[in-house]
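Enquirer: Anchor point for the sequence shown: position 140 equals 160 in the numbering used here, and the numbering is continuous, going up by one each time.
The set of hints was computed from the structure by calculation and includes no laboratory data. Do not rely on the hints blindly, as some may be mistaken.
[To be verified] The calculated SDA-like cross-link candidates involving lysine to any residue, where the alpha carbons are at most 25 Å apart (straight line), are:
#, residue 1, residue 2
1, K216, V235
2, K262, N149
3, K168, I301
4, K268, P229
5, K262, N215
6, K216, G278
7, K268, M238
8, K273, I301
9, K184, S158
10, K244, H281
11, K207, S158
12, K268, R121
[Stated by the list, open to error] Listed next, with one range per pair, are the computed distances between beta-carbon atoms:
#, residue 1, residue 2, range
13, R272, D114, 34 to 44 Å
14, V259, H293, 23 to 33 Å
15, N160, D108, 21 to 31 Å
16, N160, Q87, 48 to 58 Å
17, P169, V97, 56 to 66 Å
18, E124, N154, 25 to 35 Å
19, V259, I279, 22 to 32 Å
20, P229, K104, 43 to 53 Å
21, K99, K168, 46 to 56 Å
22, L98, V146, 37 to 47 Å
Glycine residues also receive a C-beta, built at the ideal position from the N, C-alpha and C atoms.
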Amino acid sequence: MKLLGNKRLLILLLGFICFIALMGLTLGKRERMSWPEKFVTDTISWTQGIIYKPAGYIAGFFEDIRQVRTIFEENKVLKQTLTKYARDTTKLNDLEQTNKRLQEALNFTERQKQAGNYTFRIAEVVAVNPDLLNNTVSINLGEQDGVKPNMAVMSVEGLVGRVKKVSSFYSTVQTLKGIDDTANESKAISVTVKNKENESFGVIVSYDPGEQLLVMTMIDPNDKLEVGDTVITSGLGQVFPKGIEIGKVVSRKQGNFGISHEALIQPFASFDHLREVFVVIVPEQG
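When you get a sec, could you build the whole thing from the sequences and use the hints?
Expert: What follows is the structure, given as structure tokens:
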């Protein structure tokens, strides 16, 4: 028993001596690590590497998902913003064009009020007849607005035509492209030349679809009409009031029978893109 007790004491002393030696080696200033330290450090680093890489991948995966969701939300908001911007831009452009047309119309009516004692009622073109031979448009003014058949209709640029048929709230307008001296419903236009009212006279009887020009006939050979002159209504035909601009003279030649001359007139009004027009009401018509 005594021997066994001495062995235990000896082992305890040896262990204490080894601990002191290890402490000395560990705590002392050394340039190199001992192999146990190296083993323990490498083991811990390797284990940490095995655990850290999958954890990093998982964390990066969830971070990528979060970034994708953020990008998706940002793109959604951006698309909504771009759509709203495009819609607002289109609306703004349309309002600017409408404002420009109405401003021109206002200036037009002020000029016309100074030129003649007429009333101009603005109307919107609501339909265009698809039949090219009919050459009519529909406007949103009718009997309830004081519109009557044969009233002159014009745009800012010049004469468009005349009211052909009237209902309570809408009217059908025959454009100048529908003028035909062989048709019973067509009305010829008695015209003269601006600033030469007492020196020039003629009648617009038809429209040449090939040339897209109005045909003016019954021109006296000694008439003062010249190429470049502005043709206006004379008011003598009892349908179209005087002073409304129609177009510009582009050519003049001798008529078929050699008695009178005829001229081709380029209309000022555009018949293909009408938006707003004016119904001309003279005092006796109103």
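Enquirer: Against each hint, give a clear statement of whether it holds in the structure.
Expert: Status of the hints after comparison with the structure:
no.	hint	verdict
1	K216 with V235	holds, 19 Å
2	K262 with N149	violated, 28 Å
3	K168 with I301	holds, 9 Å
4	K268 with P229	holds, 17 Å
5	K262 with N215	holds, 13 Å
6	K216 with G278	holds, 24 Å
7	K268 with M238	holds, 17 Å
8	K273 with I301	violated, 35 Å
9	K184 with S158	holds, 10 Å
10	K244 with H281	holds, 12 Å
11	K207 with S158	holds, 18 Å
12	K268 with R121	holds, 23 Å
13	R272 with D114: 34 to 44 Å	holds, 42 Å
14	V259 with H293: 23 to 33 Å	holds, 25 Å
15	N160 with D108: 21 to 31 Å	holds, 28 Å
16	N160 with Q87: 48 to 58 Å	holds, 56 Å
17	P169 with V97: 56 to 66 Å	holds, 58 Å
18	E124 with N154: 25 to 35 Å	holds, 28 Å
19	V259 with I279: 22 to 32 Å	holds, 25 Å
20	P229 with K104: 43 to 53 Å	holds, 46 Å
21	K99 with K168: 46 to 56 Å	holds, 54 Å
22	L98 with V146: 37 to 47 Å	holds, 39 Å
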